[in-house]
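*Asks:* Since the structure of chain A is already known, use the hints to place chain B on it.
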Amino acid sequence: MTDRTLEKTRRTGVRRYMGEAILRAEDEELLRGRGGFLPDLPAPGAAEICVVRSTEPHALVREIRKQRALASPGVIAVLTADDLNLSDDALPCLDMIPGTLDARQRVIARDRVRFVGQPLALVVAANRYLAEDAAALVEVDYEPLPPVTDHMAAMNPGATLLYPDLGTNIVYQVTQRDGNAEFAPGDGDLVVRKRFEFHRQVAIPLETRGVIAKPIDNGERLHVESCTQLPQVLRNVIAGALGMEPQRIRVTAPRLGGGFGCKEMVYPEEVLVPAVARKLRRPVRWLEDRREHFASATHAREETVDAEAVVTGDGVFVGLRLAGWANIGAAFGLVGNTPITAMGAMVRGPYCVPNLDAHMFSVVTNKTPLNVLRGAGAPQAAVVMERLLDEAALRLGIDRAEIRRRNLIQPHELPLDRGATGFANAYHIIYDEADYPRCLEAGLKLAEYETFEDERRLAAASGKLLGLGISMYVEITGVGPYETARIALQPDGTVLLYSSIMPVGQGSETTQRQLVAEELGVPIEQVLIRQGDTDEVPDAVGTFASRGAASGGATARIAARTLIKEILANFASALRCEASAVSWEGGGVVIATSAEEFIPMAEIPGRLASLRQEAEPLRIEAESRLEIPKPSYSYATHIAVVEIDPQTGAIQIPRYAVAHDCGRIVNPLLVEGQIVGGTVQGIGEVLRENVVYDSAGRLQTRAMMDYVLPGASDAPSEFRLFHMETPTSFNPYGMRGVGEGGTIGAQAAMANAVADALRDYDIGVDGSGPFNPAWVLEALSRPLSSAPAAKSGP
Amino acid sequence: MAKPESGFQEAARDGSGESLTSLRVTVNGKQVQTVVPDRLLLSDFLRDHLGLTALKVACEEGACGACTIVMDGDPARACTLLAVQAEGAEILTLEGINLPQGLNHVQQLFQQSHALQCGYCTPGWLMTVYCMVERSIHPDSKQVGQYLSGHICRCTGYRNIWTAVRRALGAPNSDHSSGKP
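Each protein sequence line maps, in turn, to chains A and B. Its first residue numbered 384, the first sequence is counted upward by one per residue in the working numbering. Its first residue numbered 1390, the second sequence is counted upward by one per residue in the working numbering.
Same shape as in the complex, but just chain A (with noise of 0.2 angstroms):
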C-alpha cells in the first residue's frame, strides 16, 4: 500500500462518532431471539435447583426435615447450611460506615428466618418440575416470633428486635450538615413542615434472575454465570464464601434482561449454587421464578421523611432540617443504606439552601432486604424538595417558576462544595459546571407553563382536573473509584474492547464501540466489544449508579489511545527510526520517514509483522485504569401536566416536558430512550407500582397481576425533550450520566402535579402515594374548607 499518499486518505475524511445517533449493532440479535440471555444459555447435564424459603416472616426455625423430599422421583440432593460448608456466610454490605451495625445478610438461614422468601434449603433434582414438587415436601419446624413491619414502630422502646444482640433495630446512621446546623426563622419567616411517606416498590425488570455453575479445567475452577451487574465483585464474594482464590472463579455474565439496581447485588442464590456445583461436582442451574423474584429480589425505596423548612418572606430558603428512616428490610442490601444517604446528602438539588442539618437512619424489618433502584433515593430526595417548593409558593403567593428562580444555584457559583459527602463518606459532594437557570426556564418553556392557567380553566369547564408539577433535580452520576478496560488490535485487523461494563438494555454495546472508534477514528463496524467475562476484565467496579459511558465508556476511549500508542511504539522499534516519525492519524499509522506513507488500521497486525520478519500478524494489547476521584453531576427539570377524571380517579398525562444537561452526549437516540423509558418506570411507580405486606408480615404482593406496571397506554401523550450539552471538566471527555435522571424527575414531578390537580382538596400525608384511583377519590372526598363544592365521585 506505498502508493496511498496520506494527502488521499484525508480527503476521504474520518466518520466522527461522538454525538451521532447511530442505530445499535446488538439489536439484530435481540430482534432475532438470539440475546443470548441466562435462560437461553445451555446447561448440558445441569441439574436444576429449587429453593425452599421461609413462608414465615419472623420465626426461630427448629428443624428442617428432607426424608419425604430426598425420597420424591428426581431427587439429587437437598442440601441446607449444614451441608454446604461455607467459608464465610455473611453477603457485603459496601456503604456501612464506622458505628454502623453488623446486619449483613446471611447467605442461608440456619436457626432464625427474618422475611418471606429467605432462602433455608435447596433441592436438586433432574428437571425443575421434579425439583419444586420435591421442594414442597420439605418440612421446616418454625417457632414463630412477633414480626415487625413498620420501621416507625420498629424504633419504639419495646419493640421486637430482629437482632437481639445489637441492642436496637436501628442499624446505621448518618448525618449531613452544611452551612449553621443550628439556623432558627427569623423575623416573618415561613416554616413549612411537612412528614413524607415513600411507598415500597420493586424493579421487575423482565428478565428474573438465575445462576448456572459448572466445574471446569477438571474440577479445578468454578465458572459462574449469573444475572448481574457486578461480575467482578461476584467473583470475589464467591471465592470468600467457598474459600477459593478468586482465580478459581470464572464470572460471566450474559446480556441482562433489565436490570435498574435489582442486579447491583450479590445475592444468597449467587453463592449457594456454586455452592452446590463445587459440593456435588456438576453443572446446575437455577432460574428464579416471578413469584420468588417478588420475594427475594431486593425492594425498594420505603422511607419516611420529616422535613422543615425556613423561607424568608420573599420565598429564599434559609434552611432544610431533615429526619429521614428508611424501612431497609431484614438486612442490609449490596448498597442498601445509599438511598436514605441520599436524601440528606442530595435533597436540595439545584437549590442553594444555605444551611442543612440532615439525621438518616436504616431501620431492620421483617421484609425483603432493600436495595437500590433506579435513582437510588434521589427520586425521594426530589420529591421532599419540590413538594416544599409549591407548598412555600402557596403559602408565600409566590409562582411556583418564580420561587424556583429565588432559589437556584447561578453558573457563576460553580463548581461548588455542598458541605455534604457521598457513598460511604468517599467522596465531597462538589457540583460541577452547570446552568441551573437555564435548565429551569428551557423546561417551562417546553411545557407552556406561561399559558397553563387558561388549560386548567378549559379542562374545569368539561368537568376535568387539570395539574402542572414542576421538579428539577441534580444527580450524582459517573462515580468512582476507578474503571478498567483492555482493548487488542487483533490480528485480523479488528479492535477488540473488553469492557467492564454490562449490558443491561441501555445501549453500552453501541456507545461504548462509539468511543473507541471516536478515538481512532475508524469505522464502528471495526471495533468489537466483549462485556461481562472476569477472566477476560479480572478487575473492574461495574453497572450502576449512571458510570456506564461517563465512567466506562471514557475508561475505554482512554484504552484506545493507549494502544495507539503501543502501536505506533511497535512500529519505531520495527523500523528503527524515531518516535517522532510515526503517528496516528484518520485510522492508522502515518510513517513519516523517507516517503509519506499511510498504513490503515486493519493492515496494521500483518505489515508489523512482515517488518519484524514474522509469519503471523500481531496482536496488539493496551489496558487503561481510569481514576474517578469526583463524579459529575447531571440535572434536569420535569414538568408533567396531569389530568383527573373526578368520576373515575384516572390520571392521564397529556403532556410531559424534559430539559436536561448530561454533558457530551455520545448517542442521542440511545439517551432519549434512556429518558423517556426512565420517566414511564417513574411514572409508573408514583401512579400504581406498591408492594404490600400484610400486618402479619406476609408479602402479599406475589405476580404482576398484583403489582401492574406502566403499559403502552399510560405513557404521556406528548413527550417534548430538550437537550443541553454543557461538558463537565469532571470527566475526562465532558460526560455525565443519563441513565437514571428520567426516573428521579419523574416522581417529583408527577407528586407536584398531582397535589397542583387536587389543591381544592386534602390529599393526606405527603410523598409517593401511590396515586391509583382510590387514593384519588378519597383526597376528593375532603373538600379543603375553602375549596367550591366538590363535584366528583361516583
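Please keep in mind that the hints were generated in silico from the structure rather than gathered at the bench. Virtual Cβ for every residue (Gly too), placed ideally from N, Cα, C.
Coverage of chain B stretches by chain A, computed from C-beta distances (three or more under 8 angstroms per stretch; other residues unrestricted):
id, segment
1, 1448-1461
2, 1483-1494
3, 1499-1505
4, 1509-1522
5, 1538-1548
Restraint-style ranges between C-beta atoms, simulated for each label pair:
id, chain 1, residue 1, chain 2, residue 2, range
6, A, Asp-697, B, Glu-1450, 53 to 61 angstroms
7, B, Asp-1463, A, Leu-799, 56 to 64 angstroms
8, B, Gln-1535, A, Gly-846, 20 to 28 angstroms
9, B, Gln-1422, A, Ala-1079, 47 to 55 angstroms
*Replies:* Only chain B this time, still in chain A's reference frame:
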C-alpha cells in the same frame, strides 16, 4: 391433575412417575410428534424441548406478553398453556418469521425507532405485530392500543414502540412526539 380431553390416549408414565401424553403439533411449518408430560407448559416445551428460545418467560401468568406466540393464527400466551393443549395446532414462533439472515421489515422498523432496549420483551411484541400486520389493522385504529396493551416493556416507556408499530402498519414516517395517535 385432570387429563386434557383431546389427545388423551392412555396413561403412560416415565421413570419418575410423570404422566405422559402423546402430542402432535406443527411448529414453524414442521410436524412434531412426541410424548410430553401432561403438566409440561407450552413455553417450556418450545424453549427446552424444541430449543426455540426466542420466546421469553417473564411473568408466568399471562400478564406481560413476553412469551407470545401465534397459535392457529391468533396471538397466544405460551406460559399459561400446557403443551398438550396445542394438540393439532399450528404454532408460529419468532424463529418461524425470521429471515435466514438479517432483519425483516418490522424488525428493521424496531431497530430504526430504537423500540427496544434490553430486548427481553421484544420477541413477544414482534409476534403480536405480525398478527396486526396480517390482519391489516389501521395505524390510527383504536385497536392498536388494545393490541399493545397486552405487552409490558420495562425499558422504553413505549413511545418508540408506538412509532415502530404504527410504521409497520403503514403510518407515514413522520416524527410523532409520542408515537401514540
